[in-house]
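Chemist: Sequence:
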Amino acid sequence: MITCVSGCFLLSSCGKDDVADALGIGGCDGSNWEDQYGNAIEDLSQASANLSNNPSVESCNEYKAAVLRYYDALEDIYDCIPIFDYGYDEAVQQAKKELDAIDCSDYN
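For the sequence shown, the numbering used here assigns the number 1 to the initial residue and increments by one for each residue that follows.
Treat each hint with caution, since some may be false.
[To be verified] Capping the alpha-carbon separation at 16 Å, the derived lysine to aspartate or glutamate pairs in EDC-like fashion look like this:
id, residue 1, residue 2
1, K64, E98
2, K64, D100
3, K96, E75
4, K96, D35
5, K64, D43
6, K97, D72
7, K64, E42
8, K64, D35
In short, the hints are calculated from the structure, not lab data.
Take the sequences, apply the hints, and build the full model.
Modeler: As structure tokens, this is what we get:
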């Protein structure tokens, strides 16, 4: 009983930022990262459609840039989501290397 009361007292005395810092997600604004991630997905979708509808060097470069912005958004929100790292960083780095290998000059 004393432990429960002490725990409730400690949690209620902490501010929202203190709890976020304790969870390792300090500095994360829920609405901000959701908006940023959502915008990155929309940009990627549009760039992908543009590349499909009008394959060109320009649309390829726009697609690659949109993919990089998407990966950056994922990396930015990764710290805001308290999950375990199941090789996430390595997967993103590998995907970026594969993206770099795309030769947009093939779309001439």
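Chemist: Run every hint past the structure and note whether it holds.
Modeler: Structure-based check of each hint:
no.	hint	in the structure
1	K64 - E98	holds, 11 Å
2	K64 - D100	holds, 8 Å
3	K96 - E75	holds, 12 Å
4	K96 - D35	violated, 22 Å
5	K64 - D43	holds, 11 Å
6	K97 - D72	holds, 14 Å
7	K64 - E42	holds, 14 Å
8	K64 - D35	violated, 21 Å
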